[in-house]
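If you read the protein sequences in the order shown, they are chains C, Y and B. Take 0 as the starting number for the first sequence in numbering that gives the first Met the number 0 and just add one per residue. Take 0 as the starting number for the second sequence in numbering that gives the first Met the number 0 and just add one per residue. Take 0 as the starting number for the third sequence in numbering that gives the first Met the number 0 and just add one per residue.
Hints are computed from structural coordinates only; laboratory data are not their basis. Watch out, some of these pointers could steer you wrong.
Partial list, derived from the structure: chain Y residues whose beta carbon lies under 10 angstroms from chain B [unchecked claim]:
1. Asp120
2. Leu137
3. His149
4. Ala160
5. Val294
6. Gly335
Estimated spans, in silico, between C-beta atoms of each pair [as the list claims (entries may be wrong)]:
7. Thr178/B / Glu95/C: 52 to 58 angstroms
8. Gly19/B / Trp93/Y: 44 to 50 angstroms
9. Phe119/B / Arg86/C: 41 to 47 angstroms
10. Trp93/Y / Leu99/C: 22 to 28 angstroms
11. Leu76/Y / Ser164/B: 33 to 39 angstroms
12. Asp69/C / Thr137/B: 44 to 50 angstroms
Here chain B is said to cover these stretches of chain C; the calculated rule only asks that three of the stretch's residues, wherever they fall, bring their Cβ under 8 angstroms from a Cβ of chain B [as the list claims (entries may be wrong)]:
13. 1-13
14. 32-39
15. 42-53
16. 56-65
17. 71-79
Note that the Cβ used here is the ideal one computed from N, Cα and C, for glycine as well.
Next come the chains, spelled out residue by residue.
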Amino acid sequence: MVPITTLHYLVVAAALFVLGTIGVLTRRNVVIVLMSIELILNAVNLNLVAFSRMWGNLHGQIFAIFIVVDAAAEAAVGLGILIAFFRNKETINVDEIDLLKW
Amino acid sequence: MLNYITSYLGSPVTPGQAGNQLWALIYVLIIFAGVSVVVMAMNWLERKALAHFQIRLGPMRVGPHGLLQPIADALKLMLKEDIIPSEADQFVFWVAPLIGLLAAFTVYTVIPFGPSQAVSDMNIGILFMLGVSSLGVLGIVTAGWASNSHYPLIGALRSSAQMVSYEVAMGLAVVSAILMTSLNATGTGTLSMIGIVQAQQQQGIWFLFKFFPLGFIAFIIFAIAMVAETNRAPFDLAEAESELTAGFHTEYSGLRWSLFMLAEYAAMIAVSAIAVTLWLGGWMRPFPNLLNAPVWEFIFSLFPALTFAALAGFALIGTVRMPSHSFFKIQRIGLGVFALLLAFIALVLLLIAIVGHNSDNSIAARTREGIDYIYWFMLKVSIFMYLFIWYRATWPRYRFDQLMRVGWKVMLPISLGVLIVTAIVGVVVK
Amino acid sequence: MNPAMNVGAAPVATPWFFYGLAAAAVISGLLVITRRNAVHSALALIITLLSVAGLYLMLYAPFVAGVQIIVYAGGIMVLFLFVIMLVSIERASKERQFNRIWPVGLVASCALLALFLSAFAKGKALLPDRMMQLPESTNTQQIAAMLYGDAGKMGQYTFTFEIASLLLLVAILGAVIMTKKKI
């Protein structure tokens, strides 16, 4: 069989990235949009770790660790905003959260 | 092919490191069978010990002194009707016990029963164990949600909030033990489970007693947090019958419920194994440096045989004291056969200890060493198992707000303090 | 900057593990964005995260895999499940799932995919043939050396590490204040 090269991992990461982008652009449910953002971040992480192995040093892995930390912080704050908004207007559909528009 | 099978025997590394997949699979099967047997034994021991704590007898009818009770329970649970609530989410209802079971059993790949008796010695051993056991929370949350009923939902949310809170204190206590592994010549610590026990071996002291009382406080924090992590008494508000009608597994009946119980007991054994590895010296026998004359080696290697001989003695006493009525004839015969079985195992272990008592690399010596490592590890884990049952019999339950207060306001500051002081003392001592 | 090409002694089953994990990740990713029930989406995302952790293990990055399992699968997904339960989704799962301009989003994403694939096709010659074999048994220690540095010296990423902990503090404060009823 073909030995697994960096390109294989890059293709998987690109597929996950595109799936995440589709989720962000087309879904109405805010929680699922946030989950698609997590998919995008994971795709980026996979890319970084694959390149880290290609070059043989650990910079990519450390960057990936920081991105995981960042994703945790962002998920917490994002879900906090969602809960605060849900208390005011009882909806979680993205196109109904348009209070700035009159 | 035969070479592939026998080339691993006598190897000083685990099958994962040696790349030998067949032996890794064999170890996995042995561990799976062993954990199932231990869970059944725990079930029996819990009922008998709780009963004796409450001055009653417990199950006596099914086998001699209730020894076949777990088998009867397993049969009953398998034959019970499988009730699924009609409004429940079918797929999630089915998959929730599996998540808990997978999380509880996957940690067994890195538990070190000996220096080469583990399925695989990962570089991130303790991190892997903490991470995978935190996946068990997902099983509970999905179980509570899928039941589509109030009591399971509240029980699941309370149970998972409790597990998440005590995971923080657990992690910090573990970090302060890992810090102690780096107090060696190279200044590099290790996260691998086998490496942690070998660090205790090199430093000549169990981490329980290192920098006394710092290691001891860290151990106490972990011991309390692990009881809360597995939802056992006195932190079992989420599944106590008088509080929430069995919490998150209310709607589960029969085999599905037994999967939850299996996951709970397996998680108990896994966290006890973490405590034993990190603080109690893992597979090492007591006093390996102080009493290291060959005669002491021989005496300590007789302990497995002596333990089984003591158990055979108890079974024999039970046989003799059985009432001499015709109703008890078959129970007496059964218990006598059990006592003979235990005595036979004791005899085999004695033979292995005597034949292999010199430390050359023969098969008998290697077998004896392997059995000794596994014996001391399992003995220490068994002490923790008995402590779990003792806690359940003795202490009243925590109320949920008291539980969360203890988790965040008492355990977290103490474990942080222990971590900082351990780090300072470690730097000063070097 | 061209790394020495090192032929790794990979075990026999490696391609199957890769294809299995990659298929699991992509199929679960597809399930995440198409399920009507948010709990099903969350479970599919957990499978994706665990498959990606498996891929990290194949890439000789055990520490990143461990961090992924603990933080992402064990922490963030529990948070997501709590919020899904809090924001009771039964009413939402009976409404329309995709917004009105979904074809635009789909076309844009397909264009993005085409861009990626063309970049891979053009740049394929720049990537080396075989992958290097990183040592797995000292991965954590090497990451620690880069993050914390040797005794008396600062590592390359110590400052970044401190900033990350500050970021987490800010996130904790933000999440607490955001969900209070009265500030």
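Hold the hint about aspartate 120/Y up to the distance rule: shortest CB distance to chain B must be less than 10 angstroms. holds, 9 angstroms
Within 8 angstroms of chain B (C-beta), three or more residues of the stretch 32-39 of chain C: With 5 residues in contact (Cβ-Cβ under 8 angstroms with chain B), the coverage given for the stretch 32-39 of chain C holds.
Verify this for me: three or more residues of the stretch 56-65 of chain C with a beta carbon less than 8 angstroms from a beta carbon of chain B. holds (count 7)
Has the hinted range 52 to 58 angstroms been met by the Cβ atoms of threonine 178/B and glutamate 95/C? Violated - the Cβ-Cβ distance for threonine 178/B and glutamate 95/C, about 21 angstroms, lies outside 52 to 58 angstroms.
How does the Cβ-Cβ distance of glycine 19/B and tryptophan 93/Y compare with 44 to 50 angstroms: does it lie in that range? violated, 23 angstroms
Range hint compliance [Cβ, aspartate 69/C to threonine 137/B, 44 to 50 angstroms]: About 26 angstroms separates the Cβ atoms of aspartate 69/C and threonine 137/B, which means 44 to 50 angstroms is violated.
Verdict on chain B covering the stretch 71-79 of chain C, criterion of 3 CB contacts below 8 angstroms: holds (count 8)
Is the coverage entry for the stretch 1-13 of chain C by chain B consistent with the three-residue Cβ rule at 8 angstroms? holds (count 12)
Quick one: are phenylalanine 119/B and arginine 86/C within 41 to 47 angstroms, going by C-beta? holds, 46 angstroms
With chain B as the partner, please determine if glycine 335/Y meets the hint condition of a C-beta pair closer than 10 angstroms. Violated: closest Cβ of chain B sits about 50 angstroms from glycine 335/Y, beyond 10 angstroms.
Closer than 8 angstroms Cβ to Cβ for three or more residues is the test here. Does the stretch 42-53 of chain C pass it with chain B? Coverage by chain B holds here, the residue count being 7 at a Cβ distance below 8 angstroms.
Do the Cβ positions of tryptophan 93/Y and leucine 99/C conform to the proposed distance bound of 22 to 28 angstroms? This hint is violated: roughly 44 angstroms between Cβ atoms.
Of the numbered hints stated above, those contradicted by the structure are hints 3, 5, 6, 7, 8, 10, 11, 12, listed in ascending order.
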